[in-house]
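Turn these sequences into a full structure, and let the hints guide you.
In the order they appear, the protein sequences are chains A and B. In case it helps, my numbering puts the first sequence at residues 1 to 84. In case it helps, my numbering puts the second sequence at residues 1 to 107.
Accuracy of the hints is not assured; some may be wrong.
Unchecked claim - Restricting the straight-line Cα-Cα distance to at most 30 Å, the calculated cross-link-like pairs of lysine-lysine (DSSO-like) are:
#1 A/13 <-> A/72
#2 A/44 <-> B/23
#3 A/44 <-> A/13
#4 A/44 <-> B/17
#5 A/13 <-> B/17
#6 A/13 <-> B/64
#7 B/12 <-> B/102
#8 B/102 <-> A/72
#9 A/58 <-> B/102
#10 A/13 <-> B/12
#11 B/14 <-> B/102
Just so you know, these hints were derived from the structure itself, not from any lab.
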Amino acid sequence: MITPDEITSTLEKALPGCNVNARDLTGGGDHWQVIIVSSQFEGKSLVEQQRMVNEALKEALDTQRIHALGLKTYTPEQWERLGS
Amino acid sequence: MAEDVLAKIDEKVKQSKVLLYMKGNPSAPQCGFSAHTVEILQSYGVPFDTVDVLADPAVRDGIKRYSNWPTIPQVYINGKFVGGCDIVHELHERGDLAPMLKETPGK
Chain A
1 MITPDEITST LEKALPGCNV NARDLTGGGD HWQVIIVSSQ FEGKSLVEQQ
51 RMVNEALKEA LDTQRIHALG LKTYTPEQWE RLGS
Chain B
1 MAEDVLAKID EKVKQSKVLL YMKGNPSAPQ CGFSAHTVEI LQSYGVPFDT
51 VDVLADPAVR DGIKRYSNWP TIPQVYINGK FVGGCDIVHE LHERGDLAPM
101 LKETPGK
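Encoded structure:
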């Protein structure tokens, strides 16, 4: 298992300036739904964006500390549009 | 042997404008994620080819190595890996899938 703080700090290290919202889906700390907003996603396909996130969390995924990971990735501009 | 599979997949991917690697087939999907992906693609009324990975364990394993993506289904448009069920769903919701399906391959 992993804490939301660790997910957030790991992603902030890999994608400086990103915003992270991590939701524990089962309460068990190993099934997560994570929303990441980062300017580094600009110009990249969703596959490329999710590869960046998977790469950042590789250690936790490989060791099964994260068993399931649902991702939603947005650029700041897309995120803003979503809220309006 | 393993390389044969990747070459076969590569050939197939480049032949089809829209291609779905799935479990089962569109009339009888064998997995909820494959079924949902079929539904989304069908909603656009464009023709697409499918490969049933359950019919060939070598392809089932090979497609994951081909795209370096761990899950099935996988959607390819104009020879390019687009994503799995979640990403295709997301592109559909954002309205980004229609332009991709309309794109004609540059030859």
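Hints that the structure is at odds with (numbers, increasing): 5, 9 and 10
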